[in-house]
Each structure stands twice: as structure tokens, then as C-alpha cells.
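Chains as they are written, first to last, in full-length UniProt numbering: chain A, 1 to 398; chain B, 1 to 398.
Honestly, the hints are just simulated from the structure, not real lab data. It is possible that part of the hints are untrue.
[As the list claims (entries may be wrong)] Cβ-to-Cβ under 10 Å is the rule here; a few derived chain A residues that face chain B:
hint	residue
1	89
2	217
3	235
4	253
[As the list claims (entries may be wrong)] Reference listing, derived: stretches of chain A covered by chain B, where coverage requires no fewer than 3 residues with Cβ under 8 Å from a Cβ of chain B:
hint	region
5	15 to 23
6	46 to 54
7	123 to 135
Just so you know, even glycine gets a beta-carbon here, dropped at the ideal spot from N, CA and C.
Letter by letter, the chains look like this.
Protein chains: 2
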Amino acid sequence: MTTDFTATRALFDLPEGVIYLDGNSLGPLPRAAAARIARTVTEEWGQMLITGWNKAGWMEQPARTGDRIAKLIGAESGHVVMGDTLSIKVYQALASALEMNPDRRVILSDTGNFPSDLYMAEGLCRTLGGDYRLKTVAPEEVMAALDDSVAVMMITEVDYRTGRRHDMPALTARAHQVGALAIWDLAHSAGAFPVGVAAGGADFAVGCTYKYLNSGPGGPAFIYVAPRHAEIARPALSGWLGHEAPFAFDPSYRPGRGIERMRVGTPPILQLAALDAALDIWDAVDLDDLRATSLALTDRFIAGVEATCPDLTLATPRAHAQRGSQVSFRHPEGYAIMQALIARGVIGDFRAPDILRFGFTPLYIGIAEVDGAVAILSQVMAERLWDQPEYRTRARVT
Amino acid sequence: MTTDFTATRALFDLPEGVIYLDGNSLGPLPRAAAARIARTVTEEWGQMLITGWNKAGWMEQPARTGDRIAKLIGAESGHVVMGDTLSIKVYQALASALEMNPDRRVILSDTGNFPSDLYMAEGLCRTLGGDYRLKTVAPEEVMAALDDSVAVMMITEVDYRTGRRHDMPALTARAHQVGALAIWDLAHSAGAFPVGVAAGGADFAVGCTYKYLNSGPGGPAFIYVAPRHAEIARPALSGWLGHEAPFAFDPSYRPGRGIERMRVGTPPILQLAALDAALDIWDAVDLDDLRATSLALTDRFIAGVEATCPDLTLATPRAHAQRGSQVSFRHPEGYAIMQALIARGVIGDFRAPDILRFGFTPLYIGIAEVDGAVAILSQVMAERLWDQPEYRTRARVT
Numbered sequence: 001m002t003t004d005f006t007a008t009r010a011l012f013d014l015p016e017g018v019i020y021l022d023g024n025s026l027g028p029l030p031r032a033a034a035a036r037i038a039r040t041v042t043e044e045w046g047q048m049l050i051t052g053w054n055k056a057g058w059m060e061q062p063a064r065t066g067d068r069i070a071k072l073i074g075a076e077s078g079h080v081v082m083g084d085t086l087s088i089k090v091y092q093a094l095a096s097a098l099e100m101n102p103d104r105r106v107i108l109s110d111t112g113n114f115p116s117d118l119y120m121a122e123g124l125c126r127t128l129g130g131d132y133r134l135k136t137v138a139p140e141e142v143m144a145a146l147d148d149s150v151a152v153m154m155i156t157e158v159d160y161r162t163g164r165r166h167d168m169p170a171l172t173a174r175a176h177q178v179g180a181l182a183i184w185d186l187a188h189s190a191g192a193f194p195v196g197v198a199a200g201g202a203d204f205a206v207g208c209t210y211k212y213l214n215s216g217p218g219g220p221a222f223i224y225v226a227p228r229h230a231e232i233a234r235p236a237l238s239g240w241l242g243h244e245a246p247f248a249f250d251p252s253y254r255p256g257r258g259i260e261r262m263r264v265g266t267p268p269i270l271q272l273a274a275l276d277a278a279l280d281i282w283d284a285v286d287l288d289d290l291r292a293t294s295l296a297l298t299d300r301f302i303a304g305v306e307a308t309c310p311d312l313t314l315a316t317p318r319a320h321a322q323r324g325s326q327v328s329f330r331h332p333e334g335y336a337i338m339q340a341l342i343a344r345g346v347i348g349d350f351r352a353p354d355i356l357r358f359g360f361t362p363l364y365i366g367i368a369e370v371d372g373a374v375a376i377l378s379q380v381m382a383e384r385l386w387d388q389p390e391y392r393t394r395a396r397v398t
Numbered sequence: 001m002t003t004d005f006t007a008t009r010a011l012f013d014l015p016e017g018v019i020y021l022d023g024n025s026l027g028p029l030p031r032a033a034a035a036r037i038a039r040t041v042t043e044e045w046g047q048m049l050i051t052g053w054n055k056a057g058w059m060e061q062p063a064r065t066g067d068r069i070a071k072l073i074g075a076e077s078g079h080v081v082m083g084d085t086l087s088i089k090v091y092q093a094l095a096s097a098l099e100m101n102p103d104r105r106v107i108l109s110d111t112g113n114f115p116s117d118l119y120m121a122e123g124l125c126r127t128l129g130g131d132y133r134l135k136t137v138a139p140e141e142v143m144a145a146l147d148d149s150v151a152v153m154m155i156t157e158v159d160y161r162t163g164r165r166h167d168m169p170a171l172t173a174r175a176h177q178v179g180a181l182a183i184w185d186l187a188h189s190a191g192a193f194p195v196g197v198a199a200g201g202a203d204f205a206v207g208c209t210y211k212y213l214n215s216g217p218g219g220p221a222f223i224y225v226a227p228r229h230a231e232i233a234r235p236a237l238s239g240w241l242g243h244e245a246p247f248a249f250d251p252s253y254r255p256g257r258g259i260e261r262m263r264v265g266t267p268p269i270l271q272l273a274a275l276d277a278a279l280d281i282w283d284a285v286d287l288d289d290l291r292a293t294s295l296a297l298t299d300r301f302i303a304g305v306e307a308t309c310p311d312l313t314l315a316t317p318r319a320h321a322q323r324g325s326q327v328s329f330r331h332p333e334g335y336a337i338m339q340a341l342i343a344r345g346v347i348g349d350f351r352a353p354d355i356l357r358f359g360f361t362p363l364y365i366g367i368a369e370v371d372g373a374v375a376i377l378s379q380v381m382a383e384r385l386w387d388q389p390e391y392r393t394r395a396r397v398t
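Chain A with its partners taken away, still in its complex shape (with noise of 0.2 Å):
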């Protein structure tokens, strides 16, 4: 198949004059979105009240969603479920790996990974006890870092600063080679490329979904656990919808079929309605063709930045195997850079210290959003449009 990008743009509303390069923070509103959120407002919630669980199918919603996302990692279908938030599932996958493998205390993450990801490590590590302990490294230096020591590697796939991809099999290869298990964190993936968890031999896995994939701000996030830790792995955070029979009210817990015991308690229904409206989309897209088409957009947007704005340096790997599908230059003004940017309608974030980011989706972005966006950076920079009182004041969030 090929995939039309011209028509998946038209699937989405995008203001007037705006460029759009923050989805991989948070996506755009797919236009079936609004229609699809009221109707389960209104004709679900609203008439089926209580019956809705049955009668709407909300209650297997979290399964059925999470069958759509496994086509989109590469997972094997009835092995992924919907729920929580991504640091929530970070902490369930995180518990589980650390159960199943008790003789080794050490979690080893880098120092590239979201920091909620980390904190979610140190929180378990101190309510363990012991001499369980977060140790992180440098990303280069992961591979050379896994030893017998390590009980769980959890690595983000790519680095939300830089955009910098890490070799999923290979690091996942010598982590079970080490006798360590592995946690992939992929919300800078899922709906940036194609992933293969299966075909990486991922143990866990763990995603957003508000990001490339378009769900809406606090989008449910996803758990994927391995077909042959499914029966196995044990949900710390065991509640009742993941219990075997939830209104059997047992008073002990036993822990659901497989995947379902990941679940928690009661799904967002009305985040889950947005959600499965923006997969809508995603049944239509080659994941091929997205990977190939990201990388000519982010080409072309290196290329045009550094051809035009000599002081700011490209943080985001060449190599289109390390790339995700977002571009990071650095410069000591970034945020400032950034709101001059916000401006004048290009739309990108900051992240702390010095980085400028932009993402390449390219359900909705195009070859003249990157040229564009081009063009007024390289205005932004030449004409120092920057260095204005208004743009360095900072919100709490940008």
C-alpha cells in the first residue's frame, strides 16, 4: 500500500497560519474526533448510562484499543491493553521485570531517558528497599554497561531532547545475553516509525498515545508484555480490572488472563472514544512510507536550517538509523528562539537547557510546512527577531 499523505492532512483541523511542529508533544484534533467524543457523551454516557459498560463495549475497550496499537509497534495481537499513564505503566513493567528477576538489584537506564521514567525508578527502588538502585549512564554507553549486575535495562527508544534512536535488537540482545530484562519506553515512537517489540525481543513495553499517535491531552497510555512473560509477569499495582473475575468482588486478588492483568482500575472512556477515532487514521498509513517520508522531512529541514542559520547546532543524529522523527538544534537562546518562533505561527517546543525541537508528522506535515518553517527561523536568526524583553520571559510550560 501507499499511503496518501495529501488526504491524511485534510483528516485533521489545524489553525489558519500555523505550522505545526510540536505533535510529538501533543498531537493535532483529528476532525472525527469532536463527532466521535459526543457521540459517547452524549448517546453512550448519556443514554445507556450504567449499561454502557456492556452495551458500548467500554468495558473491553482497553483490549480492543490496545489491539490496534499492537499493529502499530509490531506486537503480537491480545498483548497489549490501554490504561493509566505512561508513568504509571513505566512503574508496572518496572515492578514486574524486577519480581522476575530477584537475584539482581540494579535498574539500568540512561541519562537521556524522560525524567518521569527515572523518577518512577527511584520511587520503586526506595519503596523496595534494600540495595535496589537506579544507576543511569551515558546513552553511548548502555551496551557497554549491561553486566550481571543488571536485573531491568529501561531505555526510551528515542530521546525526547535529541532525537537520538537506540538499536532496540541490539541492546535488547545483550541485555538477555547479560541475563537482564528489557523495557522499552516508545512514546517517542509508536506513530513516529515503524517499531517491532516482538521482532526486538522486547520484554516489556511501554507508550503514550497523545503524541504521534493523536489522542488528545491525557490520552491513555499502553502496556505491552511479552507472550512468554504474559501468565508470568505480576502487576504491583494490582486492581480489580485486572483481576480474573472483577465482579466475582473476591476479597483476594488473582491475577487476570495474560495482558488483562495490567489493567488497573476504570478506563477513561471519553479519552479512549478521542483515541480510537485518531487510530481511525492510522488504519490507512503504510508505516513504510511514514518512516521513509520522516526522514526526507527531517533531511530537508536539517539541510535548510544549517545552509541558513550558522549558529545553531544540529543535536539530532545524521545517521537515519539513530533519527527519530524530530529535528534538535541547540543554541544558548533557545527559549527565546522558541517564542519568536511561537510568534510568528511555528509552532515547536524547548526543552531545558538549550534545545530547540521539532517534530516531522508527517500525517499533516509537508514538504512547504518544512520549507516555511525554514524560512522563518533562518529570519528569526539572521534578524536576531529573538532578542526581544517578551521572549524571555518563561511560562511554567511550553
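Got chain A sorted already, so can you dock chain B onto it with the hints?
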């Protein structure tokens, strides 16, 4: 102030021909919620995109909405925050409380607690290892079971099956006397009657919003930490939005100020929009009026059913002080009876093994609905209308 419940009823979208006595499971749709959600979807997500986190105030919404909940549960302003599901909030409260009482190993709860609370406690004990354990006693034995082995008492104020209400101030005082901390689950309290977590001395309180508060399927939970613990409690689930400076992207976790540290991941903005619309209704409700009306309704239902249905056994306490806002009856054929009722437009629910459960929510239920439900129930019982094969086939959720 005096609440006009005839006026509040018009604020809900209830299907024709239905007497909805299951608002203690899933509250109905507030008419204003559909428009509010649509505005959040199209004007905020659609038009503001990533800037919605600042411009639409999404980032602060969990605390802002938490303050609205605080008013309904008698909590101090600035000490309630929204997020996740109730089970996750139970885990956070438990883990924090156990760490604050490090020389003890027992979580005390009762067999009438909602199973998910017990499951989360079991999971936490297993993760903590050592001799941490969950001890459950009969509801009436909690007071006597409070001794100096108990680290934390974890009680759901109103029993989900019987509607029996515990005495929060008395149990909490006794817990403190023996050196235990008290966690209160308000799932069937918040919006059911005036709750007093501060006056009652609760150390932690948690609850959900999709029952009496009408936030819709999968609406976010809340957590309260008493001000005296706010800067001490450590969130075991230490996510980035609970960090002191989430956007500094520090490699190490530092808990945020007070209740903010109990945030974990990205908040569910669409569900929060629904909740916010639902809370607008609560602004005009006097909780003492609500309680008086609720008791009048449950008294009337009990009297009506007992006068006409001799085969049903009341499971709910007659004493007002021990009653929540629901009435439950037992019958061995409870499941089939409830199906027969639902087929006739009276929606309550069934809880295994033999409980028929009816929630009374003055915001949209009045005397006419009570009398209508009594009439249909008495006909179902007198004519054995439940004794049909189609009413005995169990669906997964009731």
C-alpha cells in the same frame, strides 16, 4: 441556602421512561457537560494545541478542580488534587502512610471494603516484602482490631454492598490513639452526604468522581493529604508532574510542594472537562439539604419495599447515622430480579452474591421516582416476573 432539587433535576440528561437508581455506580450526564467537553476538544485542543497547557490552564487544572472537590469533602483548600484512578490513589496513600509509620507492618481494613482497595494493599505488601500484611476483619470489628500493631487503617466510609456507613471521627480517633494512620476511601461518600475529612481527622482520603459527582465513565480520582503531612508524605508513584519543577527535567526526583507531589503523569483533560461541568451543579447544592433529602428518600424506599416485598431482606442499616445514600436488599435471586427491573426501566445494580443495590441521588431523583420504583419492584416480586430464563443469563457487568 436551600437547594431546589426540582431545578437541579433539569440539569441532567436522563433517558425517557427510566428511573435511574444507579448514580452510585455511574452518575448521569449533566446537560452542560456535552458542550463543555466539545469546547475543550475543538477550541482548546483543536485551536490551542500544545499551548493549551498554559492558555487553557490545563496544567493547573488538577489542583484547581481539586479545590472544588475539597469543598464537598470538608477538606482544607489546597490539599486535594485530581488524577489517575481511585485504585492508584489508594496505592499512593497506602505507600506514603506505611513509610510514615516505619516500625509497623499491618494494614487494617474490613471485609466490606471494595475489593480493589484490598487488592492494591495486597500488591503493595508483596512489593514491600518482609512481613508487611493486610489484615481484614468484619466491619463491626474494626474498632476492636485497632491495636499497636496497626500501621495504617484503610477504610471505605460507605460499604459498596450494604450502604453501611462507618463512623469516621470515632475510628480515626481510635486509630490515632494506637499510633496508626487513617486512610478513608470516599467512593460512596463524596456527593452522597457532607463529608468531613478535616473535622474527622483523616490523614489521607481518596475517592472517585464518576459516581455521585457525575463526571462520566472513567472520570479522574482525587487524593487528599492532611496539611500536617503534606510536606512529609512521599509519593511512591513519583511521576514528573509531582516533581518540584517538572519542566526543569532534573535527573533526580524532588517532591513538589504539598499535594502537588501526589500528581503523577499527564492529566486526562477531556475527563476533567466533564468533571468541571458536573461540579458547576454542585456549587448550588447545600450538602445538609442533600443529606436530609437523601435520608427521606431512602427511608421512603425502605418503608415502601418492606410493606410490599416480604421476600426481600434489608441489608442497609436503619439508623440514619450508619447509612450512606443507597439502599440494598438481599435475595437469592437478586441477579434475575435486577434484570427484570432493568427491563422495566428501573435501573439499579446487582452485587454478588445476593445484593440488589439502589442509589438515591437527590440531584435528579425525587419522591415520584422512589414510588415508581417501589411499585415496579413490588409487581416484579408479587408476580415473580423475574423468573424468566432471559433474566438469569449473566452479562459480565451489571
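Going down the list of hints, with the structure as the test:
Hint status for residue 89(A) relative to chain B: holds, with the closest Cβ pair at about 9 Å, below 10 Å. With 10 Å as the threshold, the beta carbon of residue 217(A) comes within range of chain B, its nearest partner Cβ sitting at about 4 Å, so the hint holds. For the restraint placing residue 235(A) at the interface with chain B, the shortest Cβ-Cβ distance is roughly 7 Å, inside the 10 Å limit, so the hint holds. Annotation: interface hint on residue 253(A) holds; nearest CB of chain B at approximately 4 Å, less than 10 Å.
Only when three residues or more bring their CB closer than 8 Å to a CB of chain B does the claim for the region 15 to 23 of chain A stand; here the count is 4, and the claim holds. With a threshold of 8 Å between beta carbons, the proposed coverage of the region 46 to 54 of chain A by chain B holds, since 8 of its residues qualify and at least three are required. For the region 123 to 135 of chain A, the stated coverage by chain B is satisfied: 6 residues place a CB nearer than 8 Å to a CB of that chain, which reaches the threshold of 3.
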